[in-house]
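Engineer: This is what each chain is made of:
There are 2 protein chains.
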Amino acid sequence: MEKTKNVLLAHGSGGKLSQELVRSMFVSELENDLLNRMDDAASLNIGGGRLAFTTDSYVVSPIFFPGGDIGKLAVCGTVNDLATSGAVPKYLSLAMIIEEGLPLEDLSRVVQSIKAAAAEAGVQIVTGDTKVVNRGKADRLFINTSGIGVIPEGLDISGVNARPGDVVMLSGSIGDHGMAIMAQREGFSFQVPVASDCAPLNGMIAAILAVSKNVRVLRDPTRGGLATTLNEIAGQSQAGITINENAVPVKDAVRSACELLGFDPLYVANEGKMIVIAGADDADRILAAIRSNPYGAEAAVIGEVTAERPGKVILRTALGARRVLDMLSGELLPRIC
Amino acid sequence: MEKTKNVLLAHGSGGKLSQELVRSMFVSELENDLLNRMDDAASLNIGGGRLAFTTDSYVVSPIFFPGGDIGKLAVCGTVNDLATSGAVPKYLSLAMIIEEGLPLEDLSRVVQSIKAAAAEAGVQIVTGDTKVVNRGKADRLFINTSGIGVIPEGLDISGVNARPGDVVMLSGSIGDHGMAIMAQREGFSFQVPVASDCAPLNGMIAAILAVSKNVRVLRDPTRGGLATTLNEIAGQSQAGITINENAVPVKDAVRSACELLGFDPLYVANEGKMIVIAGADDADRILAAIRSNPYGAEAAVIGEVTAERPGKVILRTALGARRVLDMLSGELLPRIC
Numbered sequence: 001m002e003k004t005k006n007v008l009l010a011h012g013s014g015g016k017l018s019q020e021l022v023r024s025m026f027v028s029e030l031e032n033d034l035l036n037r038m039d040d041a042a043s044l045n046i047g048g049g050r051l052a053f054t055t056d057s058y059v060v061s062p063i064f065f066p067g068g069d070i071g072k073l074a075v076c077g078t079v080n081d082l083a084t085s086g087a088v089p090k091y092l093s094l095a096m097i098i099e100e101g102l103p104l105e106d107l108s109r110v111v112q113s114i115k116a117a118a119a120e121a122g123v124q125i126v127t128g129d130t131k132v133v134n135r136g137k138a139d140r141l142f143i144n145t146s147g148i149g150v151i152p153e154g155l156d157i158s159g160v161n162a163r164p165g166d167v168v169m170l171s172g173s174i175g176d177h178g179m180a181i182m183a184q185r186e187g188f189s190f191q192v193p194v195a196s197d198c199a200p201l202n203g204m205i206a207a208i209l210a211v212s213k214n215v216r217v218l219r220d221p222t223r224g225g226l227a228t229t230l231n232e233i234a235g236q237s238q239a240g241i242t243i244n245e246n247a248v249p250v251k252d253a254v255r256s257a258c259e260l261l262g263f264d265p266l267y268v269a270n271e272g273k274m275i276v277i278a279g280a281d282d283a284d285r286i287l288a289a290i291r292s293n294p295y296g297a298e299a300a301v302i303g304e305v306t307a308e309r310p311g312k313v314i315l316r317t318a319l320g321a322r323r324v325l326d327m328l329s330g331e332l333l334p335r336i337c
Numbered sequence: 001m002e003k004t005k006n007v008l009l010a011h012g013s014g015g016k017l018s019q020e021l022v023r024s025m026f027v028s029e030l031e032n033d034l035l036n037r038m039d040d041a042a043s044l045n046i047g048g049g050r051l052a053f054t055t056d057s058y059v060v061s062p063i064f065f066p067g068g069d070i071g072k073l074a075v076c077g078t079v080n081d082l083a084t085s086g087a088v089p090k091y092l093s094l095a096m097i098i099e100e101g102l103p104l105e106d107l108s109r110v111v112q113s114i115k116a117a118a119a120e121a122g123v124q125i126v127t128g129d130t131k132v133v134n135r136g137k138a139d140r141l142f143i144n145t146s147g148i149g150v151i152p153e154g155l156d157i158s159g160v161n162a163r164p165g166d167v168v169m170l171s172g173s174i175g176d177h178g179m180a181i182m183a184q185r186e187g188f189s190f191q192v193p194v195a196s197d198c199a200p201l202n203g204m205i206a207a208i209l210a211v212s213k214n215v216r217v218l219r220d221p222t223r224g225g226l227a228t229t230l231n232e233i234a235g236q237s238q239a240g241i242t243i244n245e246n247a248v249p250v251k252d253a254v255r256s257a258c259e260l261l262g263f264d265p266l267y268v269a270n271e272g273k274m275i276v277i278a279g280a281d282d283a284d285r286i287l288a289a290i291r292s293n294p295y296g297a298e299a300a301v302i303g304e305v306t307a308e309r310p311g312k313v314i315l316r317t318a319l320g321a322r323r324v325l326d327m328l329s330g331e332l333l334p335r336i337c
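Read top to bottom, the protein sequences are chains A and B. Okay, so the first sequence: first residue is 1 according to the UniProt record's numbering, each after it adds one. Okay, so the second sequence: first residue is 1 according to the UniProt record's numbering, each after it adds one.
Simulated from the structure, these hints should not be mistaken for lab results. The model shown is predicted, which means the values in this text are computed figures rather than measured ones. One or more of the hints may lead you astray.
Chain copies aren't distinguished; within one or between two, either way the pair holds.
To be verified - Okay, derived cross-link-like pairs now, EDC-like style, lysine to aspartate or glutamate, Cα gap no bigger than 16 Å in a straight line: (1) K213 x D281; (2) K115 x E31; (3) K90 x D33; (4) K312 x D281; (5) K115 x E29.
Given these sequences and hints, build the entire structure.
Structural biologist: As structure tokens, then:
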């Protein structure tokens with residue numbers, strides 16, 4: 001592709017161009033040890049303790065969808081990003097950019113949903129900001145939530161920590177969120193309705209950390225899907241990751257919808273799933289802990305970390321072939337989160 | 001005014017309707033002790049220490065203007081909000097919502113400006129997020145910065161603390177930012193060019209706190225201007241505030257521009273000014289500390305806190321008359337920050 005001079009939709013896909021933009025424009029210019037690590041949450045040493053700090057803007061369209069809305073998404077997404085560092089999420093900020101003309105009733109529904117999600121996750125909204133822009137200068141509602149969590153002493157969970165011999169687990173089926181948004185946006189109806197999996201996973205992660213001291217990586221496969229997130233981890237840790245296609249849970253309705261629309265579920269966004277990479281000896285008890293959580297009933301071991309093919313993700317297909325599973329390139333589905 | 005069912009531009013003005021929306025929709029629903037206080041930064045007790053946490057989204061149009069750009073504004077605004085709690089600003093998050101088609105060169109200029117402002121303020125950008133929305137669904141670039149600062153032990157600075165007998169100081173002239181944006185947006189040119197005062201004020205605040213233990217309130221008069229911010233403080237503290245019109249510094253060029261356009265400089269936004277309310281005995285040394293800072297040469301005592309007219313701001317005019325100075329009502333200048 002010719003080098004572009006303008007920002008493309010794919011720069012926000014979570015895939016290759018996103019990584020390129022973030023590395024070349026942001027991390028290289030603003031660089032410091034914390035930013036350079038490129039985890040979902042930065043880990044800060046403050047006053048003897050360690051804090052996790054993260055931010056995400058949500059621009060999902062439409063703002064209401066089966067299984068959630070932009071408010072629930074904004075709370076769960078940031079809670080999950082904090083939890084992926086092993087932190088206990090505590091405080092969230094809430095900043096809204098509202099398009100003039102948004103019905104106050106819609107805003108109120110979103111706030112109710114934020115309230116419910118925050119209560120479920122056990123976090124407080126402690127500071128906020130409201131901006132309004134003229135009609136046509138935004139699209140209904142954009143939300144930024146930033147979050148602070150407390151990292152328990154002795155924990156070091158990061159994408160850099162995956163090591164050969166570790167097992168790769170996934171907390172449930174993939175592609176639900178992306179296909180739910182797609183169906184809602186385009187007015188498709190599937191035989192079996194697909195709902196977003198949007199959920200706060202900090203309870204699940206607390207249960208995992210309670211049964212294992214050998215958790216290396218926690219990461220939620222959002223934009224770019226499972227394939228892209230695994231590639232990020234492989235890149236950060238410079239280990240190889242092999243995944244068994246057969247082992248990755250995909251709901252029938254999601255699989256059919258993906259086939260119909262030409263999507264690969266491995267690249268479709270999730271908002272309530274967790275990748276857990278841990279020492280093999282602890283796999284059984286971690287799996288049991290995940291499955292005991294309401295959002296983890298379908299958890300499965302989906303692969304392993306290898307010494308071969310460092311930095312790459314390999315897919316062992318249903319037929320036994322092996323192929324390199326790359327990051328998302330281009331844009332699959334804009335404004336998914 | 002008839003009760004509206006939709007969000008209006010004035011809901012984002014920083015004035016009366018903003019307050020109403022924030023109170024009725026956000027604070028009442030998401031309420032907790034920290035949010036209810038309604039300071040610019042929340043003060044969190046974590047691990048023995050106290051942290052300040054704040055968030056702001058920036059939607060200023062145009063994104064480049066005399067004296068700064070949206071990047072410098074996003075760093076300075078959040079640094080200043082942290083500093084108003086007495087905190088030493090430490091870590092910022094950076095989340096961008098980019099409209100498809102933004103020239104990468106413009107994005108790069110903004111990032112350079114963020115880098116320079118962060119270096120001057122002594123803060124690190126430690127975590128970030130990038131979203132891209134389709135052409136026409138945002139306006140070039142919106143930025144959210146959230147920030148964490150450390151509050152030194154023993155400090156309690158808040159809008160609730162103003163008390164009768166305190167003096168009200170202002171670090172310099174008002175209206176510069178608002179009129180600079182206005183001129184740039186509308187293509188006006190004034191005889192003497194007006195530039196935004198956008199600047200990080202944490203150095204100034206450190207100097208103030210080094211010479212006085214009787215600082216009650218620090219607040220930067222941004223959206224809604226000096227008049228609106230003083231009203232917020234009067235409301236929070238339930239004290240009266242009297243201001244001498246003659247004592248409030250306004251640059252000649254800003255005054256002329258305001259007269260021409262029918263604006264009252266008391267309601268025009270600032271991005272590099274600080275209101276300091278402190279015990280009267282410390283006024284001289286605080287004033288000296290502010291004036292010794294590069295951004296505080298024109299600092300002045302502009303009024304006092306009174307027991308009479310609790311919750312109200314009174315303006316003593318140049319001719320000696322007194323009138324109630326209300327919050328901004330309606331919207332003066334949308335997308336000023």
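Engineer: State for each hint whether it applies.
Structural biologist: Results for each hint:
{"no.": "1", "hint": "K213 x D281", "verdict": "within (11 Å within a copy, 57 Å between copies)"}
{"no.": "2", "hint": "K115 x E31", "verdict": "between (35 Å within a copy, 9 Å between copies)"}
{"no.": "3", "hint": "K90 x D33", "verdict": "between (24 Å within a copy, 14 Å between copies)"}
{"no.": "4", "hint": "K312 x D281", "verdict": "neither (24 Å within a copy, 67 Å between copies)"}
{"no.": "5", "hint": "K115 x E29", "verdict": "between (37 Å within a copy, 7 Å between copies)"}
Comparing the model with each earlier hint shows a violation of hint 4 alone; every other hint is respected.
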